[in-house]
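Chain residues, written in single-letter form:
There are 2 protein chains.
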Amino acid sequence: MEVGKRRPAVTELLTDRYQLTMAYSYFKQGKHNTEAVFDAYFRKCPFKGEFVIAAGLESVIQHVANFKFSPEEIEYLKADLETDDPAFFEYLATLDGSKVRIYAIPEGCLVFPSEPLVRVEGPLALVQILETTILNLLNFPSLIATNARRMKNVAGPDKVLVEFGLRRAQGPDGAMMASQYSYLGGFHGTSNLAAGKEYGIQTFGTMAHSYICSYTSLEEIKETKIDGKDLKEEALKARKELGFENTNEGELAAFIAYAVNHPKNFVALVDTYDTMSSGVPNYICVAVGLKRIGQTPRGIRLDSGDLAGLSIKSKKLIEECGQKAGVDLSNPVIFASNDINEDSLLDLNHKGHEVTSFGIGTNLVTCQKQPALGMVYKLVELKGYPRIKFSEEVGKIPIPGRKQLYRLWAKKDGYPSFDVLALPDEKIQEGETIRVRDFVHRTERFIITPEKVEDLLPLVWDGKLTKKLPNLHEAREYSEIAINHFDPEVLHPTKPKKYHVYLTEKLYNLVYQMVEDITIWKEVK
Amino acid sequence: MEVGKRRPAVTELLTDRYQLTMAYSYFKQGKHNTEAVFDAYFRKCPFKGEFVIAAGLESVIQHVANFKFSPEEIEYLKADLETDDPAFFEYLATLDGSKVRIYAIPEGCLVFPSEPLVRVEGPLALVQILETTILNLLNFPSLIATNARRMKNVAGPDKVLVEFGLRRAQGPDGAMMASQYSYLGGFHGTSNLAAGKEYGIQTFGTMAHSYICSYTSLEEIKETKIDGKDLKEEALKARKELGFENTNEGELAAFIAYAVNHPKNFVALVDTYDTMSSGVPNYICVAVGLKRIGQTPRGIRLDSGDLAGLSIKSKKLIEECGQKAGVDLSNPVIFASNDINEDSLLDLNHKGHEVTSFGIGTNLVTCQKQPALGMVYKLVELKGYPRIKFSEEVGKIPIPGRKQLYRLWAKKDGYPSFDVLALPDEKIQEGETIRVRDFVHRTERFIITPEKVEDLLPLVWDGKLTKKLPNLHEAREYSEIAINHFDPEVLHPTKPKKYHVYLTEKLYNLVYQMVEDITIWKEVK
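Line by line, the protein sequences are chains V and F.
Convert by adding 482 to the 1-based position in the first sequence; the result is the number in the working numbering.
Convert by adding 482 to the 1-based position in the second sequence; the result is the number in the working numbering.
The reader is advised that the hints may include incorrect statements.
Which copy is meant is left open, because identical chains are indistinguishable; a pair holds if it fits in one copy or across any two.
[Stated by the list, open to error] Here are the simulated BS3-like cross-link-like pairs (lysine-lysine), alpha carbons at most 25 Å apart as the crow flies:
#1 K679 / K487
#2 K550 / K487
#3 K894 / K707
#4 K704 / K560
#5 K851 / K530
It should be emphasised that the hints constitute simulated quantities derived from the structure, not laboratory data.
Fair warning: this is a prediction, and the values are worked out from it, not measured in the lab.
One chain only, chain V, in its complex shape (with noise of 0.2 Å):
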């Protein structure tokens, strides 16, 4: 199976200084082999939500097979790093993902805190410089594939949605990230073309404002026929028809203009001047004139103003303009696109509108709301061992051990019914009833015999790839029937009820049994 080249600018260096300075240490201290065992997760939702859609994992899985240090990078090293000692940098060389195991949550898969989205094993301290890079790999993809899932959610089924985040996004390959994953997240399209080219999705985009503001009169329309048929001409006779001679001019020879060269994608830009006074009519007698010579206008683009009252009296003028024109201009696209966000489009819900397709960008593509996943990578496990860092909160301990992680049903609802975290050695199967615990609120616990239970955290890579992983549209799809099989109040945009992940009774034990261990005695004095 190929695995295919990094993403870019990843490269070994791409992680944090400290994990070669602990590598180096390891390394003199005899540990750098040992066997390390790091969980990836979060631990709270992002947006308010209560869930998340984990992403990102083939730009991880990259990385670790192509991990090698080039004679460059370690040149660097020598020069950066407190040390000079050759066997170091002779044993950097060696490092490469053959002894590296993965063990991963399925692209666009639900994930909830705690639950890691990768385990990542192998030798200490190929692992700690792993770090930095798989959480930059992970982190961001999650949090704009659960953001675009949201949008999602709110938009409704039937909604066309577009990500228009090019301009905005951090960085170039920040856009191309945004354009791929609000895709896995279960947006339509994008408007950026690389994003198109590379990931296969399709691309919309007609006309900006620009192009309108280049005409100011009639006659700067250089061609003006589609198959021989003038529309032009047939657009100027529906204008006075319609008693819609005080509209720009400029703006009605860049819709004719624009027609003429696209006549099967025409969605005019419609507030370059005045949405309801110029644009709407102008593309109203563009549409007419466009079904007159046989063609088939889609629709309008709103940019400003309160896009619900618009979308509305919009829809209505050009209906009621087709139907006194003698043609059929019903059900217009009506692509909405100004600072849209969660918010606006709950908004729009309220409201009312006619809107069939929205074009979102900042809010999509940044996450305005919540522009970082705090993804963390804990030390759970060494030479066998589970390890522990101690928090005075107890929400903030990572919970040790080498952890699988089982989806669990046992209700009627077909909805799962909670996550359970196990030790390896406790194999959860449908029909046999186990007890579980919650971690921090220590009276909660449960007794289940799963109907069904999916083992969340498969292996995915062991030196190679043991598993094929989805493209990127058919993670979508796994993505979008899990939403579909999921309790539509865990995915609430406002009032979302919690999904419980339940440790296992043992986990539960080991994990308040270290909590003791490690606790400090303060000394009173």
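With chain V fixed as given, assemble chain F onto it according to the hints.
Coordinates of chain F only, in the frame set by chain V:
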């Protein structure tokens, strides 16, 4: 002069689809080679501030210098666009940066709303296609540089500021840009080794919690000596002397091991078990040990809890114990690094603290407070005639015309008085009196005879580089000097004073004449 390669992921197709559909229509209507002028500017400063640091120019120039559709890109467009007109694709294949002119604000300069960061001139279709890429390459760099500068202003000139955001950044190149442009904005370094190598920035970093958790007992340290002197022995002696025997032993072991391997850069992470009852005492034992064998410990890193209080308490304890042990541990490095942002820096200042260095991650690199700068790219002139887009909100109307930008000094305080946008035939010169007006507040009008005038929009690209671009370090220095010569009230973190950008009388009159001409007469029904 060498321009260099483009950033990763930057290609001709890293643009919005509509740029190409418009380009096709321009081509068919014979407008594609019409001379056009676009301005890239923002309308509002981010972070509730009153300034922005301009950044990203080098990447823009690299894009334009390397611009050339590849046969593969052309093939993609043939399949994606709604045309198979061979003449268009032949034309696309001829496009390059040779006919483009770019006027740009110097990298690192302070810039204000409505001021073009770049003015791009050239054939309409080509400079239209460049829009999205140029915005992408300017928006995030300027946002990051501004965010970094704001944090630096609050932290104060004597603090060491290190960018720690790689793991949470919006993708690999998002991280690289964050390292690069937070350095431009005044940060001293980064944890990101790839950025260290690529940009020649100093890297920082010592140890993570996992390193500490990898030790559970003192027996695990294999190498205990520095230049033949046993640090473990010395540290345990100090531990006994100082009565710190209840601390976590694994943590102490980790500190000793790290100090043995990095005797010149021992900065201990002290919050793994308990900062004041274990971490700091363990640091002190090792620091005393190091001192007694002729080495110099550096200090500690606080990564949780009340950073202000802990920095004061730990400094006191470290210095007192040093005195007790008869060694000088005064003025330790106190690194703080827990979710720091501008507000928490202000809060630390308010409370008082002893932190000497800040490691700032998530909130710096994703610009949590405002993750996007809303820069736009507007057509302002075509074929020598100014162009305008209407908005009912006057402040949103792009200022038409091919404009120059000047910074004027007239007051005795030595600070710039204000900036002025002027038409190209208006020469603004030292000692010559001019009249300027505010674009939005029409009653504000001023007469000024500047003592000093700076042309802020020089030509930097005219088919080739026309001016040496500064490297990152030069731009950082330029920015530092500009900041130090600016009115500090404009830079104030919470109550900034507005710095004004006025229009010459001639430009002002042009704008309002055009607004008059394009405002739609709405029919009252």
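If the cutoff is 25 Å on CA atoms, where do K550 and K487 land: within, between, both or neither? Let me know, please. both (13 Å within a copy, 24 Å between copies)
K679 and K487: within-copy, between-copy, both or neither at 25 Å Cα: Classified as both; 16 Å inside a copy, 21 Å across copies.
Intra- versus inter-copy proximity for K560 and K704 (alpha-carbon distance at most 25 Å): between (65 Å within a copy, 23 Å between copies)
Intra- versus inter-subunit Cα pairing at 25 Å for K894 with K707: Intra 63 Å, inter 65 Å, cutoff 25 Å: neither.
For K851 vs K530, is the C-alpha pair at or below 25 Å within one copy, between two copies, both, or neither? both (9 Å within a copy, 17 Å between copies)
When the structure is compared with the earlier hints, a violation turns up for hint 3 alone.
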